[in-house]
Structure formats: structure tokens, C-alpha cells
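Going down the list, the protein sequences come from chains A and B.
Position 89 of the first sequence, counted from 1, bears residue number 116 in my numbering, the numbering being contiguous throughout.
Position 110 of the second sequence, counted from 1, bears residue number 808 in my numbering, the numbering being contiguous throughout.
Don't take every hint at face value.
[Stated by the list, open to error] Taking lysine-lysine pairs in the DSBU-like style, the calculated list, with each CA pair at most 35 Å apart, reads:
#	chain 1	residue 1	chain 2	residue 2
1	A	K98	B	K703
2	A	K79	A	K49
3	A	K46	B	K769
4	A	K67	B	K754
5	A	K49	A	K36
6	A	K122	A	K46
7	A	K71	B	K769
8	B	K766	A	K36
9	B	K766	A	K63
10	A	K122	B	K769
11	B	K754	A	K49
12	B	K703	A	K46
13	A	K94	A	K71
It is worth saying that the hints were derived from the structure and are not from the lab.
Note that the coordinates shown come from a computational prediction; the quantities given were computed from them, not determined experimentally.
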Amino acid sequence: DTAVSQTPKYLVTQMGNDKSIKCEQNLGHDTMYWYKQDSKKFLKIMFSYNNKELIINETVPNRFSPKSPDKAHLNLHINSLELGDSAVYFCASSKAGQGANEQYFGPGTRLTVT
Amino acid sequence: DQQVKQNSPSLSVQEGRISILNCDYTNSMFDYFLWYKKYPAEGPTFLISISSIKDKNEDGRFTVFLNKSAKHLSLHIVPSQPGDSAVYFCAASGRDSSYKLIFGSGTRLLVRP
């Protein structure tokens, strides 16, 4: 009964490839997020969707494209992978409004680009 | 431009004693602050939060203190237990409608038996 799940947990790929990370939440939340944890361990928001609508889009290369087929899913597609994309990517979800401050995170996907 | 700073990368405490984790912020528009706990190979989990209208919030062994004038908050864990050993992230959000969380870099807490 995992609340926020991500697949795959580990992803090793070569530069230039295109890959996707999937995220699903079964909490009934309206809002979902993607965060990137870089080598310095900072967690930085990339995107946020509320009811399938994009509400936060930080300064992220347009090689990264989120897709939300429904409010329980938010997938992350990355085109033309670069070495600097290597990081841990976390999906999260929350209620809308004030409840958005308390976010529930998935276990993370460690992406390694070689 | 780090808006949320955790200047201590690590902290070691004896079991049963108090753990104090500190966090500073620079953006006066932040009005909600949270602490998340993270174990290795897991995502962060929400621990405790505080609104800017309060200066203290307590939940069991965990208490968060907010000093708005100093733009400083702290997390107190009393008594500390070995299972509390984890990385603790401070986070803040602002008065806009996006509820974007800005995280600090984390403090690794080790509670020694």
C-alpha cells in the first residue's frame, strides 16, 4: 500500500539517450511534484502539477518534460540526457491549498548518465 | 542563492540527550516552515511544521521553534533515540499560491547508543 511510488529505482544510461521516470500516488492528492537532489544534496523543485495542470515550472532545461495523464500520475521524460542530469529524482504529492506544504515523497530514482 | 541554510552538515548526540538542529532563512516572505526526515535510499518524510504566526510547535519528542526576527528556526528532539539517526531537512514556503518548498542542504544526525 505504497503511498507514492516511482519506477525505476535505479536508472543507468548513456549520454544522448531519452528516458522516462514514472510516478504514481494513491493518496487521492490533487497536486504532484518533481524534485531533483543534486550532488550537493540540495532538493530543488522542478515541476508541480495540480489536477493535471502545470502550476510550477522552475528554470529547467526543456529537455525535461513532465506529463500528467491523470491526477494520480506524474511522469518525467528526459530527452538527450547529459552527464549533469545525474542525480536522484523525487516525486511527491500533496493536498491542494494550504495542505500543499506537507508533501509526501516517493523513494527516489537514482539516475546515472555515463 | 541559498534562501534556506543549514550550516551544520552533521551532528552527533548521545542517546537520551537533546538534539538541536538549526536552520536559517533569508526570505522574509516565507510564512510556513517544515522539517523533513530522510533515511538512506528513501524519500523525505514530513516530521513537523510551524506557521509564521506561531513561535513554537510541539509534537511528542519533537519541538520546532521559530524566531522571525532572527530568521531562524530550530528542531529539538528530546530524548534522542538511535532510530532518529537520519538526515533532517529544513524547508520553507512563501505567501504565493504555488506552495513551492525551498529546502536546506540537510543535517545528518547520528544518535549514539
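Which of the listed hints are not met by the structure? Hint check: 3, 8, 11 fail, others pass.
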